[in-house]
Amino acid sequence: MKEFELSKRSQTFIEDLRVYLFSSGKKEEEIDEIVTELESHLMEAEKRGKSTEDIIGKSPKKYMEQLSNEMKIDYKTWLKYYVIIIAGVFAITIIGDILNGPISYSLLEIGGSLVISLLFIMLTFWVFRLVSSRTLTYGVQGLLFFLLAIVPLGLFFGIEFADRSITTPVIEFGTIGTWVAGGITMIFLIGVSIWAKTFILPIVAAFLTLPEYLLGFINMEEEAMLIWSTIITYAGIGAYLLFSLKRTK
Amino acid sequence: MKGILDGCLLSIISEKEVYGYELAEKLEGYGFHSFSEGTIYPLLLRMQKEELVTSTLKKSTAGPKRKYYSLTPKGENELKQFKTKWSDLQTTVNNVFNKKTL
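Top line first, the protein sequences correspond to chains H and L.
Every letter in the first sequence is one number past the one before it in numbering that gives the first Met the number 0, and letter 244, counting from 1, is 243.
Every letter in the second sequence is one number past the one before it in numbering that gives the first Met the number 0, and letter 44, counting from 1, is 43.
If you're looking for bench data, these hints aren't it; they were derived computationally from the structure.
A couple of the hints might just be wrong.
Okay, derived cross-link-like pairs now, EDC-like style, lysine to aspartate or glutamate, Cα gap no bigger than 20 Å in a straight line [claimed, not checked]: (1) L:Lys84 with L:Asp5; (2) L:Lys48 with H:Glu69; (3) L:Lys58 with H:Glu69; (4) L:Lys66 with H:Glu29; (5) H:Lys46 with L:Glu27; (6) L:Lys66 with H:Glu32; (7) L:Lys25 with L:Asp5.
Just chain L, same shape as in the assembly (with noise of 0.2 Å):
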């Protein structure tokens, strides 16, 4: 399941910039209940590590100071080679559980 989160945040990132908070709730919001929020910034710390995302610091309306998070072209890549694994799995699996060999 782990590179799965991965590819879920690029994909909320590539449609347009985010802040954390944000991002766990577009997440929660597409279903995803059963993990805790603080989750995403150990894979955010990542993939900044990895340049696949770069940040800019906003000001708010309310409070401190936003991180808003952007994908870069390696970013990019990154996602479209994500959307193809996903899909080649998603058929592998649903060929096992509908007993359909190739």
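Isolated chain H (complex conformation) (with noise of 0.2 Å):
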């Protein structure tokens, strides 16, 4: 009687309706209530031969928009995320810079890092809520994530090639400056990995910068230098994707 399983269908509406409200900003305790309400619904009502329709309803995207609508938006969550986001695309970056000595940022920079960053967030519960709501075909959910990953890619080397026409003030950080801002945000980068219980943010930064400097160490043509540190950055963040993937499971 009590390992009683759902039925797949149960099971992915379950999943789908935790992202959707997930990523509608709900408050992640009314959310945790709510679905393991239905749930147990769900659990019962297929005990006694009831289908998911019965419970839900033909469209599953109308019915998480109907509970959608009547829980809160949690601004404060949101925040933290994009906080963290923007934390995270500063440390990148400045772990980057740092081993070329003293670092600066134009205000354009900085404005446009903080812009994208809030876009990319945006961008990703969008593709977040259509992905759970909807039966895309897997083709359609691959190009979605794909201009996931490349419309803040392209925005970033937008705003760099707009810095070299136009000037904005300049925030020079000085030796001392770099080193404390390298201290800081080595200081934030294990401080998140420990709060949120995963390598992702570092080992992504080292293996975006890692490579082009170590590289530099060994007599090697411009051109090489710059496809090796790519194939090993991508490689390398993909490995350990794969890597960290097969271990949860």
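Grab the two chains, each in its own frame, and use the hints to assemble them into the complex.
See below:
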């Protein structure tokens, strides 16, 4: 009696609902509450031979929206994600630049990063909501995630490009300032890793910055170096993701 | 039809503390067949927000904790109002059907 398993459809719905509500910015405790409640309802209903549709209706999307409309948006949590992502972006940038000596950033770079990060979060949550509430083919899903990765990257390149022709005030950190910024960044990366129980941020930072730096010690042509460091960066991040995915399963 | 389901939920909850599945079953038992059971949860969420009902988590003999709903004084009031409105509406509609003018 106790070990009754939910049908695949219901399980998928429950998982999707969690993602949908999460990416709609709802409070975690409230999400937990309604998800557990629905899960046990589905369980009891299925034991008595009812189908998923008998409970949630024909359109999961509509039902998710109905639930979402009655739940408050948790702006504090949104802000938390924003701060973490923004800090992550700055941390990775700073670590990369520090190896090349004293750092300095223009207002355009700083402002651009803030805006792009906000855009990235909104885009991510939008994609999450889309993927969780509709039945999309793997192709469309892949395309959405590709867009999610390519849009901020393109915007960052755009900012870098614009920064060369548009002059905005530059904040110089100087030697001591650079050391202090580096120290704070390191502490932040370690802190976030411990808090979030994942080393993804420092590892991504390392793979993004170290290959180019280390290859700089070897006598190599610039083109070859660029190619090799890019390969090591993406292969390294990919391998790490695969490794951590396998470990959690 | 929207407010009507709300009124029925309030009425069932007023009799005794119930949890979601029980609530849906009772509605069906009274003859509500054409709705999907999950419809009650957005309504329950709203009624909680409006402080018409409160909920407590209780252990169940099988499986996870259940969320039991009960009426607040505000909810009792709302139910009273609903009952008056409903009987007014019923009389009016019957008058229309029976071609009875006041």
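> Which numbered conditions among the earlier hints are violated in the structure presented, ordered from lowest to highest?
Replying inline: 3
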